[in-house]
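Residue numbers (my numbering), protein chains in the order written: chain A, 707 to 1198; chain B, 707 to 1198.
Derived from the structure by calculation, the hints contain no laboratory data.
Don't take every hint at face value.
The list treats identical chains as interchangeable, and a pair is accepted whether it falls inside one copy or across any two copies.
[Claimed, not checked] No more than 30 Å apart at the CA atoms, straight line, and that leaves these computed lysine-lysine pairs for DSS-like:
id: 1; residue 1: Lys-763; residue 2: Lys-1159
id: 2; residue 1: Lys-1117; residue 2: Lys-886
id: 3; residue 1: Lys-1015; residue 2: Lys-965
id: 4; residue 1: Lys-965; residue 2: Lys-1020
id: 5; residue 1: Lys-1020; residue 2: Lys-1036
id: 6; residue 1: Lys-804; residue 2: Lys-819
id: 7; residue 1: Lys-760; residue 2: Lys-1103
id: 8; residue 1: Lys-940; residue 2: Lys-1087
id: 9; residue 1: Lys-894; residue 2: Lys-1087
id: 10; residue 1: Lys-1117; residue 2: Lys-1159
id: 11; residue 1: Lys-895; residue 2: Lys-1036
id: 12; residue 1: Lys-968; residue 2: Lys-728
id: 13; residue 1: Lys-1089; residue 2: Lys-1020
id: 14; residue 1: Lys-968; residue 2: Lys-1054
id: 15; residue 1: Lys-1054; residue 2: Lys-965
id: 16; residue 1: Lys-1186; residue 2: Lys-968
There are 2 protein chains.
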Amino acid sequence: MSKEITPRAQDYAQWYNDLVLKGGLADYSAVRGCMVIKPYGFSLWENMRDALDKMFKDTGHVNAYFPLFIPKSFLSREAAHVEGFAKECAVVTHYRLKNDPNGNGVIVDPEAKLEEELIVRPTSETIIWNTYKDWIQSYRDLPILVNQWANVVRWEMRTRLFLRTAEFLWQEGHTAHATKEEAEAEAKKMLEVYAQFAEEYMALPVIKGVKTETERFAGAVDTYCIEALMQDGKALQAGTSHFLGQNFAKAFDVQFLNKENKQEYVWATSWGVSTRLVGALVMAHSDDDGLVLPPKIAPLQVVIVPIYKGDEQKAMIDAKAEEILTTLRKMGIRAQYDGSDNVRPGWKFAEYEMKGVPVRIVLGARDLANNQVEIARRDTKAKETISADGMYAYIEKLLEDIQNSIFNKAKAYRDEHITPVDTWDEFVKVLDEKGGFVFAHWDGTAETENEIKEKTKATIRCIPIDGSGVEEGSCILTGKPSKQRVLFARAY
Amino acid sequence: MSKEITPRAQDYAQWYNDLVLKGGLADYSAVRGCMVIKPYGFSLWENMRDALDKMFKDTGHVNAYFPLFIPKSFLSREAAHVEGFAKECAVVTHYRLKNDPNGNGVIVDPEAKLEEELIVRPTSETIIWNTYKDWIQSYRDLPILVNQWANVVRWEMRTRLFLRTAEFLWQEGHTAHATKEEAEAEAKKMLEVYAQFAEEYMALPVIKGVKTETERFAGAVDTYCIEALMQDGKALQAGTSHFLGQNFAKAFDVQFLNKENKQEYVWATSWGVSTRLVGALVMAHSDDDGLVLPPKIAPLQVVIVPIYKGDEQKAMIDAKAEEILTTLRKMGIRAQYDGSDNVRPGWKFAEYEMKGVPVRIVLGARDLANNQVEIARRDTKAKETISADGMYAYIEKLLEDIQNSIFNKAKAYRDEHITPVDTWDEFVKVLDEKGGFVFAHWDGTAETENEIKEKTKATIRCIPIDGSGVEEGSCILTGKPSKQRVLFARAY
């Protein structure tokens, strides 16, 4: 094996870090909490981004770009919003360095102090709604369906590669509507887009739900979310879509003349997913040999590895590999041939398993002679030797199979880990011994929610929006009446 | 006309601003020097970015992402580099806000001061070379051919939409090589990529050259550039590619074991183009009626406008328009139908001229009856009524014609505005009365270059790399001997 990975059962957190670092996805950087996304990891993110971007455009959205900086006073305009973000933001106070006259090298020039501090955006509602004020006069200017791909900064104290970093990449949609109904429909529509993306591209089964007040986005009326389950039984919020009501329109005085010729505040949504999804992907599917990536977004879908003795065999195999490569690429398959001669085939096998390349083709001299190839799939490690004539149709189907199979495996695990419980003892036992989502009644108060969190570290991930769990019952902690089970879990 | 544009001849700067603002490309923002790139402008940038990104990938480059923040001490490692960027950088000093106990709202928390200030990246050589240190051990790790699409910040005092903004979007390539020759070849190769992109996609003729020492990138050994000419006779640097020698490798101690088993410092390049190119595009081609956009990158290539009386005609035209739209889109043409009923056709004509949509199809009831359409091109305003049967082939060819024609027009203007001069009086006269590039001898010293700049505001844009102007002569200012004419111009 090329590089050692800590077994998942031994130390899940270290297993995850090993995968990210040794799989070539990301590196730590010299800046606290910020990571370097390496080419292989960035290519994965590009594939995710491109798929999402197309889905946004297909649903009528356009991209735009707003400033990185937010004047400090803007953050304060929406009370809940500033409360949510003030504690973890990067603040720009000066705009120049100079040589220290006392010889201490380069220092901040005290004369270059900004009149008003600028915050590096943790999210862009405020700067965007300040802009929308100029764009919206009448109902004819609505809806505005804008998305932005950008970097944002939240000064998290405890960071983990991809899952929680001070700077991360994301998209943030910010839409403006003439009616409450339309804005609510948009927030729900984008939740569907996220769920579809997670399941179809990332092979990641998700539960669609709405957050409790405690877990809501700072400034939202309702936060919808998709929740996924990792292989250690912890949940991960994979995307959120917020119905913002008129909160930001009021904070930035954005009114429009409606069809009845009356001034009204504009209705808003915002929604986002981030590079955190890469972390979710790694945790949901990988194993002790490395990454397992869904073919639809894998940077490399097929790798060809030669096995040969001597230059003559090598030349023949090189030629055949080039032919296969050309055909695969014409089919739109992302393929590569690793003809490097400084490492053994076994090292290459381990390396591409580590990197989660879905399909490996092995080409040996005997294969060539027999007009056959050996094809291995990464997810199950199953190998098959097939006739070279049928290989292209086989590979096309295999990539689809792998995509489905990864999803089904994750879904089976997730479904097994939704446990309805009715007593406090059961609740604690399931959390501690089995993990996953615990489906239980709750009395609807923030007090109870907080008490449960303090006692067990479990939070309410969401109230499912598909109507499941709607029934009379009593709160697992307080015994007070409840009309709806909610999903609890320990979470990333 | 929908919106008034200041005529170019009356006030060039205001004409430019009107185009950017009223053409829907960008807006001013609440943050000094930062702009909002509006959806139409961003779509233009996306088309440019996608074309460039493909060219980078076709030449073997991969994308990655590095932190937004650069520790202050990193900037100082390369002497020329810090000298170049210290005077205009945004400095993060704190990581938290809090409520002022004295009731002054939200203030910076003095207890959340960073140990070391962070600079918002003005360019990423330092943070990237600090990372490359971990990626490079032996010649087998080379070359590294990485590009990054990112936002950067330079605290410019005088800003102009797209041309000079405090925050801008760009790409920055950062490559690492085992030999000087390979790094120099890479820097030149990327200059060719930029030139090809500018000419083929932006229809912007450029001169390829090398900068003088005075105009070189802070930290580079050689800066190659492409220089374009705007319609007011001022030059604009449209892209740069730097051969960095071993400067950054030495500053960050990045050495590798070469094939001779000796430690050696790594050789580097960096290269970038930015949203500034959007400004160049606007200035190079547009006219008093609005933007003129090259079809290859225009957000919208064809717009269909109906002319009708009454609902019956409208319904027939709507149906035909949808049919045309479907066909055009299948051909890969970006097309839209404007069937809105709240403005007149004349208003729409003006609006799409303003936005620089290359081709307009007008569909009237009589056209439908006669199986014909009226097709107008934006660049020359020529109109033609043709049979509907031949329209698709006609439009396909027309888009190509427009692309070429815009380029040829800009090239003719540029070529007319390269004036060889041999005396100081001529030099000043051409600069003042004709503008454009002045091709003159220079004695090769920074003193003379600076004196010419002080006297005339003209700078040396570049020394052409195609060998033109290589001849014996004498400096227009000092009369000292010179072996090479160089291109002077006033510039953006």
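Cross-check of the supplied hints:
| no. | hint | in the structure |
| --- | --- | --- |
| 1 | Lys-763 to Lys-1159 | neither (39 Å within a copy, 48 Å between copies) |
| 2 | Lys-1117 to Lys-886 | neither (35 Å within a copy, 53 Å between copies) |
| 3 | Lys-1015 to Lys-965 | between (79 Å within a copy, 25 Å between copies) |
| 4 | Lys-965 to Lys-1020 | between (74 Å within a copy, 24 Å between copies) |
| 5 | Lys-1020 to Lys-1036 | within (24 Å within a copy, 44 Å between copies) |
| 6 | Lys-804 to Lys-819 | both (13 Å within a copy, 19 Å between copies) |
| 7 | Lys-760 to Lys-1103 | both (24 Å within a copy, 28 Å between copies) |
| 8 | Lys-940 to Lys-1087 | within (26 Å within a copy, 63 Å between copies) |
| 9 | Lys-894 to Lys-1087 | neither (39 Å within a copy, 45 Å between copies) |
| 10 | Lys-1117 to Lys-1159 | within (26 Å within a copy, 69 Å between copies) |
| 11 | Lys-895 to Lys-1036 | between (35 Å within a copy, 27 Å between copies) |
| 12 | Lys-968 to Lys-728 | between (60 Å within a copy, 27 Å between copies) |
| 13 | Lys-1089 to Lys-1020 | within (23 Å within a copy, 62 Å between copies) |
| 14 | Lys-968 to Lys-1054 | between (69 Å within a copy, 27 Å between copies) |
| 15 | Lys-1054 to Lys-965 | between (66 Å within a copy, 23 Å between copies) |
| 16 | Lys-1186 to Lys-968 | neither (45 Å within a copy, 75 Å between copies) |
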